[in-house]
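2 protein chains.
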Amino acid sequence: MRFLQKLGLQHLVLNKKDKRLASTIKMMVGSKPFNIALYRLAITPSGLQESTSNGFQISYERLEFLGDAVLGAVVADYLYLKYPYRNEGFLTETRSKLVNREVLHTVGMKIGLKKLFSQELDGRSFTQSKSLYGDMLEALVGAIYLDKGYNFTRKFILERLLIHFDIQEAVNTTINYKSKIIEWGQKENKAVHYKLLGVTGNQRLKEFSVALEIDGEEIAKGTGSNKKKAEQNASENACKVLNIAD
Amino acid sequence: MRFLQKLGLQHLVLNKKDKRLASTIKMMVGSKPFNIALYRLAITPSGLQESTSNGFQISYERLEFLGDAVLGAVVADYLYLKYPYRNEGFLTETRSKLVNREVLHTVGMKIGLKKLFSQELDGRSFTQSKSLYGDMLEALVGAIYLDKGYNFTRKFILERLLIHFDIQEAVNTTINYKSKIIEWGQKENKAVHYKLLGVTGNQRLKEFSVALEIDGEEIAKGTGSNKKKAEQNASENACKVLNIAD
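Taken in order, these protein sequences are the chains called A and B.
For what it's worth, the working numbering labels the leading residue of the first sequence as 1, then goes sequentially.
For what it's worth, the working numbering labels the leading residue of the second sequence as 1, then goes sequentially.
No wet-lab data here; the hints were simulated from the structure.
We put the beta carbon where it would ideally sit given N, CA and C, even for glycine.
A portion of the hints provided could be inaccurate.
[Claimed, not checked] Computed spacing ranges between beta-carbons, pair by pair:
#, chain 1, residue 1, chain 2, residue 2, range
1, A, Lys82, B, Lys115, 47 to 57 Å
2, B, Gln119, A, Gly47, 30 to 40 Å
3, B, Gln186, A, Lys130, 35 to 45 Å
4, A, Asn35, B, Tyr85, 11 to 21 Å
5, B, Asn189, A, Ile58, 17 to 27 Å
6, B, Lys26, A, Phe152, 25 to 35 Å
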């Protein structure tokens, strides 16, 4: 089998069912599978497959664990490069809005996992969970990673999955007021400066107080349990003063 | 600079401080840095660097976000392949024991980040957080990923970081009794079988009851809120009966 894989002739030894799966995967992923067993595993939920005689379950949960991690890394990479001026809080929040059960479930259906799975079920009954196609999508990412490596998987995620994510929507609901003010300052060619006014409270319960200055003139103040939060608060107040829309 | 990088001559235009950093990174990572600025960023905590005039902080937190994700993917890959018979619960738990603040902090010091950072501080005072070298290590992974790509980073993690992790210790404290019984069965050449005895309770509060049979003979029972937990419980009881040590 490995020898045939190297020659690109693995399809010669596939049975009819595997051939059908291989051609669907090729359409979905953009490349012929090397190891079809990985993809079959990726579309096998634990409730469907009987336990093997020794009590092990052959199902996609392990692949899902792997795919979840790979997807997380690729989306982190994507957001890191796409938003060079946003802080790690924004990146973390935006990623968790993109990569969550409901979103992945919808994307899984969009790329055709629902159709593929019903083909596989072939009339058998199956009680599906709410996030079935999301879990399956993660498992598919895991399978692609093992079959084709990281760079191919990254390309697959960027070109074939991310187009289904509403990134702008996720970003819009993650308002970073500080970034807003700074972007405004760059556009208007004004100097934005944060000045620490003071810290009150004890070791365990501090309150930071910050002033936001535009061209040296204080236009808003803010407070928070750390400097960052105080700056974010001052920025929110400044957005109101300056009438910068959300 | 990019042209010189392509020729491998980037060290010609580095200042003395960058040259020193580049040679330390080469020792630590195993390859000459292409983009030294990434590595300098990776060792710059937010408390040290002053904000730039527009209020942005130039520090490693964004790189830390990226490196955390890449490290998670590589360790997931490693555990997936190393433990082919363990379930996703085991993989998740083992990973979180390996990749956590305290462990990473220690590993960061072991590979020399403490020494490197004190060299960088050059006498300046700095109040360090408890997980400074762990955060810095994640940021370093992010820098390597951007500078050298995934495959190089994976090799760096497997060859230069994982040797400092006590993987066996993490695995030993994640006891999966079901795996223990099944491994025992394979060694002793006995058939291990789980039999579902029944499910009681209502939709919201179910109790599964399972019997564990060895060569067709029931040797222990277990209960749990799902089949998996009931099997794990039966396996734990069977370990006691069979005197299989932890």
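Mind listing which of the numbered hints don't hold for this structure, in increasing order? 1, 2
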